[in-house]
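Asks: Now for the letters of each chain:
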Amino acid sequence: MTAAPFVHRETAAPAWRDVPVAPGRTAPVAEATPTRGAIRIENVVKVYGGRSGAVTAVDGCSLDIAAGEIFMVVGPSGCGKTTLLNAVAGFHDISGGRISLDGQVLCDSARPQAPRGSDRVVVFQNGALFPWRTNLENVIFGPVMQRKLSKRDAIDKAMDMMADAGLSGVEHSYPAEVSSGVRRRVEIVRALMNDPKVLLLDEPYRALDALTKSVMHEALLRIYYKNKVTIFFITHDLEEAIFLGHKVAVMTTRPCRPKMILTVDIPHPRDYSVLTSKRFRELARATSAAVHEEALKAFQSGEREG
Amino acid sequence: MNATAKGAPALSFARGVVSIAVVLLLWELGARSKHWMAGDLSAPLRATLGALGFKTSYLPCVGAAPPPTGVLRSWAAILTDVGYWQSWAKSFLRVSGGFTAAMVVGIPFGLLLAVNRTAFGVAFPLFEVLRPIPPLAWVPASIIFWPTQELSISFVTFLGAFYTIVINVVGGAKAIDVRYFQAARSMGSSRWDLFRRIILPGTLPSIVVGAVVGMGITWEVVVAAEMISGGGSQIGGTSGGGLGFFIWNSYVGGSYEQIVVGMISIGIAGFVSSELLRLLGRRVTPWLSQR
Amino acid sequence: MSAGQTPAAGGGRHRRGAALTLHRASAWFRSSRPYLMLTGFGLFLGGWYLAVEVWKLPRFAEMPGLTVVVKEWLSKDPTYGLSLYTPEYYQHIGRSVWRVAQAFTLATVFGVPLGLLLGWSKRFRDYVFPLFELLRPIPVLAWVPLAIVMFVASESAVIYLAFLASFFATALNAMLGVESIDAHYVRAAECLGASRAQVFRHVILPGALPFIFTGLQISVGVAWFSLVAAEMVSGQYGLGYVINTSYSTVRYPTIIIGMITLGVVGYVTSAMVRVVGDLLMQWRVRELALRGQS
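Chains as they are written, first to last, in the working numbering: chain A, 1 to 306; chain B, 1 to 291; chain C, 1 to 294.
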């Protein structure tokens, strides 16, 4: 690819073509093919009626997420990707289009807001562990509230899952007493306790330092390999996206729409050595110009972070 | 998380109006039946409460209160009375005097405590020990000490607001993010600069909050002091007047409607002063309202 | 960061419970703070003593001196009738405390649910908040005559006045407490399958508790404020009554004794509320301790 000049061109943007699997390589596939958690986003539109007039956050966005896939959404801050996640989770309504999960409609024009539920659990950017509960009490919250498990059973299951995630020893501490890396993992375990179809992650590692982040990535992958839940992961970090995901969607700034979709044909299981591999660099080069172009646009319009 | 989600503001307004109307209606009906809550009309209620072990004499006898219509009539009559407006003026003067004194002394004192650790160590424990003593308990001591009645009331008024303002100023100054200081120092600020450009503006929101709350307390104290000195106890004196005195006088003179008129007047006066302060506060801290 | 390790926050050692208190107490003693504090008290008491009894400044002519007050307070047979040894002293204290306790309890029982509802349900807020805000600006003491008129027993009038002040403070703070809860916590709970009632009980209630307890401390202070005023105007027994009558019967040292007692009792009741709050909210205490406060 030719190097794009360091200037924002209003006219005739290059047509971004999706990057499919390269010849001679195989598409990455999860081992035991999961059957649930496929999300279909069709032509979703979201318009906010703001103080300074209507803002179109998402316009005609269509994405297909396969069951059990790690789907990464990359874009500059404030471009509307969180809006998409919120629509899937049921926190916002949509102004047009349709979102379905495993063939069943979550929201469309007839019912603009999806119901909230534990089949699509969200892990938030700044963390939403309840500070008044210990880590263990946080983790058992979901099944106990829904009366799916008795408290004793929930505690047993929680202890197992936390041990799996490398969290033994912090069960009886409060979230404020542990580091943010530990908190993130606790929150992910809390989500997974509910056996969800989809795990929605809203820039969960944004506030972590780079070293902790790389360890967290591996931890997330380890958890994923055990659970094979569909992951919908929003980030602004392209390398994080390519490292973790099966597919990476680069989104445009407002209005949000997929600019290009990259299929990451590096096989799973992956570890940090992937980051310096040749294929990784090639994939990054193929997408970084697209990401950079959107970042410039967002920078120049001075978007306030969503 | 709050309850002010989207929804027609007109609906909220309508609901508010409805509930106030309902309460006024109940008040009117209750006041007309002279024995509401204390007589035959509420016999079953009193029986059940008595059975549960409550002393029914503790229930209010709303029947003895004047009805809203009576209050309005009385108020219309008073609006032309000069004495009424003089009471307003007197109370306002007292409130402004005490409040201004509290601000003038309290803000620098609070800032000193926040900035200088020795001063804080010496003065704050003493301050905290004196604070639980209600300002009104100071009235007799104040009368003994100050030469005139008016000054003694002003002192008590001053005390009420003083505590609140100092607490808020100290809290606000301490809450200023240390990084602002570091940023300023790295750009070469002197100590005076730090004070003027970081501490002062940083504490301003807390000063405003302290002022608004302090204003409310000042009204409470002024009204109480006016009542106490105007009648009701032996701490009497010739200098009275003001809305508190007006209320007490109405009670003593038996015109219950005027009591309520006085109460509402004070409520309005207090509300107006607080709102003025809040507006002033918003002017002084423009950066806060642009969130 | 290896798996399973609890990263140490602030020092590498986890002090819990009594060890933490002891450590803080000894650190306090070793600092200069107790000496500064004593200096402050010393200056105040010394100034009082000097002004009244040594220099005999004209303004302070009629003020009771420090030694007089202290002697009176500690004497077995006080000249003016009240000291630590007289039973009436404790009767008055008991009366006032009992009144505040009743007022505070009523205010909490009514105010906390009301405030929580005001914050949680928009409907409820629409109906009730305008009424609330109309009544709130009326100074509690402006209610005195009306209360005397409405309440047949003057005891309940006094309690009502203290209740009113507490009630508004408690309800307002409870409402603010609900509003202060980050919306993300509610969303997280809903994601995890909690019903609306469960969200209220498991998220709103514990989340608002810190604010509620701050409100309760304010409420105790405000209750004392109103009680004293009410007792001064229309009470029998009670510390406010004591101060009032001591003035009119020219027993000046008793005034000071009354004031000091009020201060101590007020502080103790406020501290009791704070201690209960700390017990209920261990998580908050630890969080604040980690941030270097408390």
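Any given hint could turn out to be false.
With the C-beta cut set under 8 Å, the calculated list includes, among others, these residues of chain C facing chain B [to be verified]:
#1 GLY81
#2 LEU84
#3 TYR127
#4 PRO145
#5 LEU279
#6 LEU280
Lysine to aspartate or glutamate pairs mimicking DMTMM-like chemistry, simulated, CA-CA at most 25 Å apart [what the hints assert, rightly or not]:
#7 A:LYS259 with A:ASP164
#8 B:LYS174 with B:GLU150
#9 C:LYS122 with A:ASP93
#10 A:LYS213 with A:ASP164
#11 A:LYS228 with A:ASP64
#12 A:LYS213 with A:ASP108
#13 A:LYS151 with A:ASP164
#14 B:LYS174 with C:GLU88
#15 B:LYS90 with B:GLU128
#16 B:LYS174 with C:GLU53
#17 A:LYS213 with A:ASP153
#18 B:LYS174 with C:ASP278
Hints listed in this document are in silico derivations from the structure and should not be mistaken for laboratory results. For each residue, glycine too, the CB sits at the ideal point set by N, CA and C.
Asks: Against each hint, give a clear statement of whether it holds in the structure.
Replies: Taking the hints in turn, this is what the structure says about them:
1. The interface hint given for C:GLY81 is broken, as the beta carbon of that residue sits about 16 Å from the closest beta carbon of chain B, more than 8 Å.
2. About 18 Å separates the beta-carbon of C:LEU84 from the nearest beta-carbon of chain B, more than 8 Å, and the hint is not met.
3. With a least beta-carbon distance of about 4 Å to chain B, the hint placing C:TYR127 at the interface is held under the 8 Å criterion.
4. Checking C:PRO145 against chain B by beta carbon gives a least distance of about 3 Å; that is within 8 Å, so the hint holds.
5. The restraint placing C:LEU279 at the interface with chain B is violated, with a minimum CB-CB distance near 22 Å, outside the 8 Å limit.
6. Look at C:LEU280: its Cβ only gets to about 21 Å from chain B, farther than 8 Å, so that hint breaks.
7. Annotation: proposed proximity of A:LYS259 to A:ASP164 is violated, straight-line Cα distance about 37 Å (limit 25 Å).
8. Taken as a hint, the B:LYS174 and B:GLU150 pair is broken in the structure, with Cα atoms around 36 Å apart against an allowance of 25 Å.
9. At most 25 Å may separate the alpha-carbon atoms for a hinted pair to count; C:LYS122 and A:ASP93 meet this at roughly 20 Å.
10. With a CA separation close to 19 Å, the supplied pair A:LYS213 and A:ASP164 stays within the 25 Å bound.
11. Restraint check for A:LYS228 and A:ASP64: satisfied, since their Cα atoms lie roughly 17 Å apart, inside the 25 Å limit.
12. A threshold of 25 Å between alpha carbons decides the hint, and for A:LYS213 with A:ASP108 the separation of about 36 Å lies outside it, so the pair is violated.
13. The suggested pairing of A:LYS151 with A:ASP164 holds, with an alpha-carbon distance near 20 Å, which does not exceed 25 Å.
14. The hinted pair formed by B:LYS174 and C:GLU88 fails the criterion: a straight-line CA distance of about 44 Å is larger than 25 Å.
15. Only pairs whose Cα atoms come within 25 Å are accepted, and B:LYS90 paired with B:GLU128 is rejected, the gap being roughly 32 Å.
16. Taking the CA atoms of B:LYS174 and C:GLU53, the gap is near 39 Å; set against the 25 Å cutoff, the hint is violated.
17. For a cut-off of 25 Å, the pair hint linking A:LYS213 to A:ASP153 is broken: about 32 Å separates their Cα positions.
18. At roughly 22 Å between alpha-carbon atoms, B:LYS174 and C:ASP278 fall within 25 Å of each other, so this suggested pair holds.
Hint compliance for this structure: hints 1, 2, 5, 6, 7, 8, 12, 14, 15, 16, 17 are not met, and every other hint is.
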